[in-house]
Amino acid sequence: MIHDTVTIGDNTKIGEQVIIERNVCIGDNVTIGNHVIIKENTRVGDYVTIDDLSVIGKTPSSNQTMARKPGRSISPLVIHEHVNVGCSTVLYKGSTIHQGVFIGDLSSVRENVSIGENSIVGRGAMVEMNTIIGKHVTIQTGAYITADMIIEDYVFIGPCFSSSNDKYMGEGNYKHQGPIIKSEAKIGNNATLLPGITIGRKAVIGAGAVVTKDVLDSYVVVGSPARKIDYKTTTQE
Amino acid sequence: MIHDTVTIGDNTKIGEQVIIERNVCIGDNVTIGNHVIIKENTRVGDYVTIDDLSVIGKTPSSNQTMARKPGRSISPLVIHEHVNVGCSTVLYKGSTIHQGVFIGDLSSVRENVSIGENSIVGRGAMVEMNTIIGKHVTIQTGAYITADMIIEDYVFIGPCFSSSNDKYMGEGNYKHQGPIIKSEAKIGNNATLLPGITIGRKAVIGAGAVVTKDVLDSYVVVGSPARKIDYKTTTQE
Amino acid sequence: MIHDTVTIGDNTKIGEQVIIERNVCIGDNVTIGNHVIIKENTRVGDYVTIDDLSVIGKTPSSNQTMARKPGRSISPLVIHEHVNVGCSTVLYKGSTIHQGVFIGDLSSVRENVSIGENSIVGRGAMVEMNTIIGKHVTIQTGAYITADMIIEDYVFIGPCFSSSNDKYMGEGNYKHQGPIIKSEAKIGNNATLLPGITIGRKAVIGAGAVVTKDVLDSYVVVGSPARKIDYKTTTQE
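Protein chains in written order, with my numbering: chain H, 252 to 488; chain R, 252 to 488; chain P, 252 to 488.
Treat the hints loosely; a few may be bogus.
No copy labels: a pair is met if it fits in one copy or bridges any two.
[As the list claims (entries may be wrong)] Heads up, simulated SDA-like pairs for lysine to any residue below, C-alpha to C-alpha not over 20 Å straight-line: (1) Lys386 to Glu422; (2) Lys453 to Ile383; (3) Lys426 to Asp404; (4) Lys479 to Val257; (5) Lys464 to Asp481; (6) Lys264 to Arg319.
Quick caveat, the hints were computed from the structure, so don't treat them as lab data.
Could you put together the complete structure from these sequences and hints?
Right under this line is the structure:
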């Protein structure tokens with residue numbers, strides 16, 4: 252069912268059994284797959300593709316064990332031009348997906364996230380709330396981007412990357428802070444970042460490393476806990 | 252299609268293109284999203300929310316390489332009051348989801364699992380069969396809860412946590428045993444637990460730790476392999 | 252909607268709201284769940300089961316940040332007899348799923364992949380393009396199989412396994428090469444493999460190990476970085 256108040260541009264194709272709620276605005280030359288659900292007020296730019304079975308513009312919810320309740324007034328989800336959204340994704344309201352972004356199948360992006368131009372969120376990757384992702388960032392398959400992170404431009408994050416933002420693991424009123432990853436840093440697959448640390452510009456984190464403290468610009472660190480190794484390299488070893 | 256034998260309570264809202272099979276019983280004030288599929292005999296309590304595109308009450312299947320075949324007679328899935336189930340989840344029959352539980356998008360819970368009151372199963376988390384999860388447990392995004400685990404009350408499990416239950420990795424007739432995590436223990440993100448070990452009460456496991464043997468109550472362990480460090484702390488470092 | 256050109260065998264059951272595109276060929280005794288989408292030209296063998304909400308035969312796409320664009324002419328997806336595909340999976344065109352394979356819920360298999368007879372791809376597992384998987388391979392829940400891997404027969408891969416194929420992490424024109432895992436090797440849960448390494452026949456990789464170089468036949472390695480330990484064992488410790 253497509254609500255009466257929905258606006259749809261020229262040359263836009265809508266698949267079968269799609270549900271589009273009220274006040275959604277869809278641009279020109281958009282392709283919407285089958286069984287897609289677009290929630291109210293979402294904005295979809297020109298030349299966007301949304302594949303089958305995705306949920307676009309979901310409102311966050313919670314239970315009583317959760318410390319952080321979703322905010323009451325969240326702005327609509329805005330998807331800019333030429334964005335490609337995969338199958339079976341779940342994108343929340345309150346986020347902005349900039350031009351040319353690619354979002355893989357089975358991934359999810361929470362509320363109040365910004366994803367910069369031409370960045371990639373891999374299949375099965377999860378991006379938590381309040382995180383800012385720059386331009387031309389690559390987040391590979393299955394990577395976990397915690398809440399309250401800052402990821403600058405041209406960062407590369409390997410598959411199965413893990414981060415966290417809660418030093419006290421659910422206890423107390425500690426302010427949550429995810430890691431900060433400076434521009435052009437590269438993080439190997441299945442690396443682990445502790446809360447609140449900063450990864451310097453052009454730093455390289457080895458695959459499987461467990462990074463417990465800040466890494467300076469251009470440093471290469473490997474191991475558990477991660478320690479600096481003596482050469483600047485562009486490899487993961 | 253909603254089968255003739257389905258019972259639906261007062262003030263319950265059913266989305267579009269929902270399929271509800273025979274003998275399903277749905278309480279009052281329930282909200283069922285769009286494209287949801289509820290399999291036969293499932294029980295859904297009052298004030299439950301099930302988001303779009305979820306499969307509720309799936310029957311397990313197998314192939315000939317699998318050592319453990321699903322049991323023949325599995326009881327229905329029972330979802331108690333005030334449970335919140337996300338989008339694109341897959342919940343199997345034979346499990347009980349207690350009051351106030353939150354189950355995130357794109358997650359899955361297998362058969363013969365019990366999840367205690369007000370616990371959280373994060374987005375993309377996977378819970379295997381025969382596992383018992385206590386009350387007020389937090390299982391964060393992408394965590395993997397193997398089969399045959401026991402997780403006591405108030406445990407915190409960080410994102411991307413990994414566990415296993417098969418010491419011989421598919422070989423022989425070894426009895427499977429997942430880890431046992433005692434109450435109020437905290438496990439950092441991307442930590443790895445070996446089969447059959449016990450994590451003591453209020454123990455803390457550092458992010459990225461690889462835990463190869465039992466951890467005593469209140470111990471803090473970090474590293475690969477995980478070793479005790481000398482202070483009791485509530486942080487991940 | 253089922254296209255006019257689709258052929259469907261005897262005793263085949265099709266769920267509700269299924270979409271089957273043109274030139275799809277479905278065998279006898281097949282069971283297709285609800286809300287399933289089967290893309291054009293896909294071949295589905297006899298006695299195959301495809302569960303609810305799956306997308307079968309997807310065409311790959313990309314954005315301008317991606318180094319590797321999908322090929323232009325990709326052959327159809329071929330699913331052989333007795334394959335079992337879970338709920339909410341995404342299988343790409345150009346791959347061959349051999350007889351008796353089991354593919355878990357919420358998993359995905361990219362283009363130009365071959366999965367051998369009776370192998371298992373666990374729930375939430377992701378298999379990237381151009382990877383060859385042998386017979387009777389077990390890939391457990393949430394494992395990440397990178398592109399350009401070779402996995403021989405009877406390999407066991409534990410849950411949350413991580414691999415990568417890009418030594419330079421997105422930089423330059425390096426030829427991508429995933430790890431090669433020889434027959435009967437066993438890899439523990441949450442182990443990390445660096446690009447291009449070879450894991451020998453019957454080798455055992457401990458849970459949480461970070462494997463940075465080749466492992467010889469029957470060697471057992473553990474730790475970060477992984478080092479040989481002195482006994483041949485079939486356990487993960």
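Verification of the supplied hints:
no.: 1; hint: Lys386 to Glu422; verdict: between (34 Å within a copy, 16 Å between copies)
no.: 2; hint: Lys453 to Ile383; verdict: within (18 Å within a copy, 34 Å between copies)
no.: 3; hint: Lys426 to Asp404; verdict: neither (25 Å within a copy, 24 Å between copies)
no.: 4; hint: Lys479 to Val257; verdict: neither (55 Å within a copy, 59 Å between copies)
no.: 5; hint: Lys464 to Asp481; verdict: both (18 Å within a copy, 19 Å between copies)
no.: 6; hint: Lys264 to Arg319; verdict: neither (39 Å within a copy, 27 Å between copies)
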